[in-house]
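Based on the hints, put chain W in the right spot on chain L.
If you're matching them up, the sequences are chains L and W in order. Just so you know, we're using the numbering used here here: the first sequence kicks off at 138 and counts up by one. Just so you know, we're using the numbering used here here: the second sequence kicks off at 153 and counts up by one.
One or more of the hints may lead you astray.
Said to hold, decoys possible - Listed next, the stretches of chain W that the computed footprint assigns to chain L, with coverage defined by at least 3 CB atoms under 8 Å from CB atoms of chain L:
id: 1; region: 211-220
id: 2; region: 239-246
id: 3; region: 385-395
id: 4; region: 398-411
What the hints assert, rightly or not - No farther apart than 25 Å at their CA atoms in a straight line, the calculated lysine to any residue pairs in the SDA-like style are these:
id: 5; chain 1: L; residue 1: 300; chain 2: L; residue 2: 273
id: 6; chain 1: W; residue 1: 169; chain 2: L; residue 2: 300
id: 7; chain 1: W; residue 1: 314; chain 2: L; residue 2: 175
id: 8; chain 1: L; residue 1: 150; chain 2: W; residue 2: 169
id: 9; chain 1: W; residue 1: 314; chain 2: L; residue 2: 300
id: 10; chain 1: L; residue 1: 150; chain 2: W; residue 2: 311
id: 11; chain 1: W; residue 1: 314; chain 2: L; residue 2: 148
id: 12; chain 1: W; residue 1: 314; chain 2: L; residue 2: 251
id: 13; chain 1: W; residue 1: 314; chain 2: L; residue 2: 248
id: 14; chain 1: L; residue 1: 150; chain 2: L; residue 2: 195
id: 15; chain 1: W; residue 1: 314; chain 2: L; residue 2: 194
id: 16; chain 1: L; residue 1: 150; chain 2: W; residue 2: 409
id: 17; chain 1: W; residue 1: 314; chain 2: L; residue 2: 208
id: 18; chain 1: W; residue 1: 169; chain 2: L; residue 2: 194
id: 19; chain 1: W; residue 1: 314; chain 2: W; residue 2: 406
id: 20; chain 1: W; residue 1: 314; chain 2: L; residue 2: 276
id: 21; chain 1: W; residue 1: 169; chain 2: L; residue 2: 280
id: 22; chain 1: L; residue 1: 150; chain 2: W; residue 2: 235
id: 23; chain 1: L; residue 1: 300; chain 2: W; residue 2: 312
id: 24; chain 1: W; residue 1: 314; chain 2: L; residue 2: 227
id: 25; chain 1: L; residue 1: 150; chain 2: W; residue 2: 403
id: 26; chain 1: W; residue 1: 169; chain 2: L; residue 2: 251
id: 27; chain 1: W; residue 1: 169; chain 2: L; residue 2: 221
id: 28; chain 1: W; residue 1: 314; chain 2: L; residue 2: 359
id: 29; chain 1: L; residue 1: 300; chain 2: W; residue 2: 311
id: 30; chain 1: L; residue 1: 300; chain 2: L; residue 2: 200
id: 31; chain 1: W; residue 1: 169; chain 2: L; residue 2: 257
id: 32; chain 1: W; residue 1: 314; chain 2: L; residue 2: 152
id: 33; chain 1: W; residue 1: 169; chain 2: L; residue 2: 220
id: 34; chain 1: W; residue 1: 314; chain 2: W; residue 2: 296
id: 35; chain 1: L; residue 1: 150; chain 2: W; residue 2: 249
id: 36; chain 1: L; residue 1: 150; chain 2: W; residue 2: 312
id: 37; chain 1: L; residue 1: 300; chain 2: W; residue 2: 247
id: 38; chain 1: W; residue 1: 169; chain 2: L; residue 2: 276
id: 39; chain 1: W; residue 1: 169; chain 2: L; residue 2: 195
If you are wondering where the hints come from, they were derived from the structure by calculation, not from laboratory data. Everything numeric in this text was worked out from a predicted model, so none of it was measured. The beta carbon of each residue, even a glycine, is placed where N, CA and C say it ideally should be.
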Amino acid sequence: MIQVVDLVKRYRKAHRNAVDGISFEVGGGEFFALLGPNGAGKTTTISILTTTLLPTTGGATIAGHDLVTEASAVRREVGIIFQRPSLDQNLTGEENVRLHAILYGIHPYAPAFRLMETAYRRRVGELAELLGIGREVFDPVRTFSGGMRRKLEIVRSLLHDPKVLFLDEPTAGLDPPSRRALWGYLDAVRRERETTIFLTTHYLEEAEQADRICVIDDGRIVAQGTPAAIKAELVDEYVLVDADHRPALLADLERLGLPHSGEGPFRIPLGGRQIHEALRAIETPLNVVQTHSPSLEDAYLEIVDKPRA
Amino acid sequence: MHELSAVLAIAHRDFVKLIRDRARLVSDFAFPLILIGVLGTSLQAGFGTPGGFNLLTFVFTGVFAQTIWQSAALGVISLIADREQDFSQEMFVSPISRYSIIFGKIIGESLVALPQALAILVFGYVIGVPLSLPVLLALVPLAFVVAVFGGAFGVLVLSNLKSQQTANQIFPFVMLPQFFLAGVFNPIDNLPWFLDILSRLAPMRYAIDLVRDVYYAAHPEPVSVALLDAPTNLGIMGAMFVLFMVAGTTLFVRSERNR
Chain L
138 MIQVVDLVKR YRKAHRNAVD GISFEVGGGE FFALLGPNGA GKTTTISILT TTLLPTTGGA
198 TIAGHDLVTE ASAVRREVGI IFQRPSLDQN LTGEENVRLH AILYGIHPYA PAFRLMETAY
258 RRRVGELAEL LGIGREVFDP VRTFSGGMRR KLEIVRSLLH DPKVLFLDEP TAGLDPPSRR
318 ALWGYLDAVR RERETTIFLT THYLEEAEQA DRICVIDDGR IVAQGTPAAI KAELVDEYVL
378 VDADHRPALL ADLERLGLPH SGEGPFRIPL GGRQIHEALR AIETPLNVVQ THSPSLEDAY
438 LEIVDKPRA
Chain W
153 MHELSAVLAI AHRDFVKLIR DRARLVSDFA FPLILIGVLG TSLQAGFGTP GGFNLLTFVF
213 TGVFAQTIWQ SAALGVISLI ADREQDFSQE MFVSPISRYS IIFGKIIGES LVALPQALAI
273 LVFGYVIGVP LSLPVLLALV PLAFVVAVFG GAFGVLVLSN LKSQQTANQI FPFVMLPQFF
333 LAGVFNPIDN LPWFLDILSR LAPMRYAIDL VRDVYYAAHP EPVSVALLDA PTNLGIMGAM
393 FVLFMVAGTT LFVRSERNR
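With the rest of the complex left out, here is chain L (with noise of 0.2 Å):
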């Protein structure tokens, strides 16, 4: 659905790139995020996918259709979600969303609500129920919550059943409820119309919930794949051994093969292994052991807090 091959950019008067030749995949109907710590170059990112900004070098597809030369057919495509709410705060909420229907050709122009088609005041209405609320739709949305504001957004970009989904750190700056009712509304309308959706986030446990992971520090990518294969590649995970006759310990962890660091408290790597197995061989009376799994986010901010060259 999304192909980006070894795409670049470098602002004006910029001294190094915002997106430094980064290349996937994004398949139809999968969810994938995109994450990142603030300036990774995922805005940037979006943008140029959602064809606002030109690439510097390198390309992509959407649906089959070039973002450079072929940008219409793309933002037929494509609904967008902004990080900065892009609602028109003098508008009513069906004003805003009567201006998107207009602007992407699915219903034509006419100056009032009540003298536009009936299929669209059919729509507003169902929109209005989805939304939870009934005449509000007609208030200004100066006066909607943060919560109801995105959720109006989300419903807008899905007016003219994009292929594909943008949705730049869509959570910005709602509370915990609104946050997962936008989740919940965003997985049932990946359910029932299969739309492909491109998440950016800096949340980790935003992206866990994505079919598959791109995370990307100073434009460039660091890692992709499914949440538990980057799991498996950034993270360390190990179990900590110790006994009260250490050499006894030792023996045992030379015996068995167990590879092994540190001079006691023993470092041993689990690679894979069955935990339970190693330790079930030691014969040595243990009076420490401790797994240490470190979570997905433990090994993001690794990754992400590195110093910067």
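Here is chain W on its own, set in the frame of chain L:
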């Protein structure tokens, strides 16, 4: 059909915004009223009829065109404010032509300038500017033409700006000289050669002259006030409109996408 719908929808949005913004409505009206009421009448009192024509009607026609022209130009420049509030993203990711977006914005801001035109006409009538019915009927569509032209000029200015702040800083330099070069208050048929060249380059000049063509056709003065005839003014405005639209939209889209 889709593009036309989009143009109308974008224009509609601007007009709705105006109607909901009472403070802007009021301030829109105050400035021209001050210019005509204070400046026009005091110039008339001070100088009488130096060029052989009534200075009040001269200033009135000048301010009429200038206000509408400037209002539309400024309005189009508000696309920058939209960008800062990130609303323009929604428009720029939609699958419609960039020209449609800009043109819709121009039409919208031209509609926004129309109530202003009406207010100026009413006020002119109150302070004693001779206004016959045919002139009134002609000035309303004319105001729209002037506004669309001003909007196109706004696109050209916009395409060279980075933020609303720069827009606010640069606007006086783009606008104020034109007040004098285009002859809002002052006759410009006797300028020194270097100012004459600048004056002929000032787009606002042709909008004002066109309004004077129409006004003085119905309310003639002993001497000819307008400089060029109406078809010539319209022709120049048309050519400049196309130039501003094409150059402005191209530059604007390029500076947006090619950061």
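Would you check the hint for residue 169 (chain W) and residue 300 (chain L), treating anything up to 25 Å between C-alpha atoms as holding? violated, 32 Å
When you check the alpha-carbon spacing of residue 169 (chain W) and residue 280 (chain L), does it fall within 25 Å? holds, 16 Å
Are the Cα atoms of residue 300 (chain L) and residue 311 (chain W) separated by 25 Å or less? violated, 32 Å
Within 25 Å, alpha carbon to alpha carbon, are residue 150 (chain L) and residue 409 (chain W)? holds, 15 Å
Satisfaction of hint between residue 195 (chain L) and residue 169 (chain W), Cα-Cα up to 25 Å: Violated: residue 169 (chain W) and residue 195 (chain L) sit about 41 Å apart, past 25 Å.
Hinted pair residue 314 (chain W) and residue 300 (chain L), Cα distance within 25 Å: violated, 33 Å
Holds or violated: residue 314 (chain W) and residue 175 (chain L), Cα atoms, limit 25 Å. Roughly 24 Å between the alpha carbons, so the hint for residue 314 (chain W) and residue 175 (chain L) holds.
Pair hint outcome, residue 150 (chain L) versus residue 169 (chain W) [Cα-Cα no greater than 25 Å]: violated, 37 Å
Would you check chain L against the region 398-411 of chain W, counting CB to CB pairs closer than 8 Å, and say if three or more residues qualify? holds (count 4)
If you draw a straight line from the CA of residue 314 (chain W) to the CA of residue 359 (chain L), is it 25 Å or shorter? violated, 34 Å
Check whether the Cα positions of residue 314 (chain W) and residue 227 (chain L) lie no farther apart than 25 Å. holds, 23 Å
Is residue 300 (chain L) within 25 Å of residue 200 (chain L), Cα to Cα? It holds: about 8 Å lies between the C-alpha atoms, which stays within 25 Å.
In the structure shown, a violation is registered for the earlier hints numbered 1, 3, 5, 6, 8, 9, 12, 13, 18, 20, 23, 28, 29, 34, 35 and 39, in ascending order.
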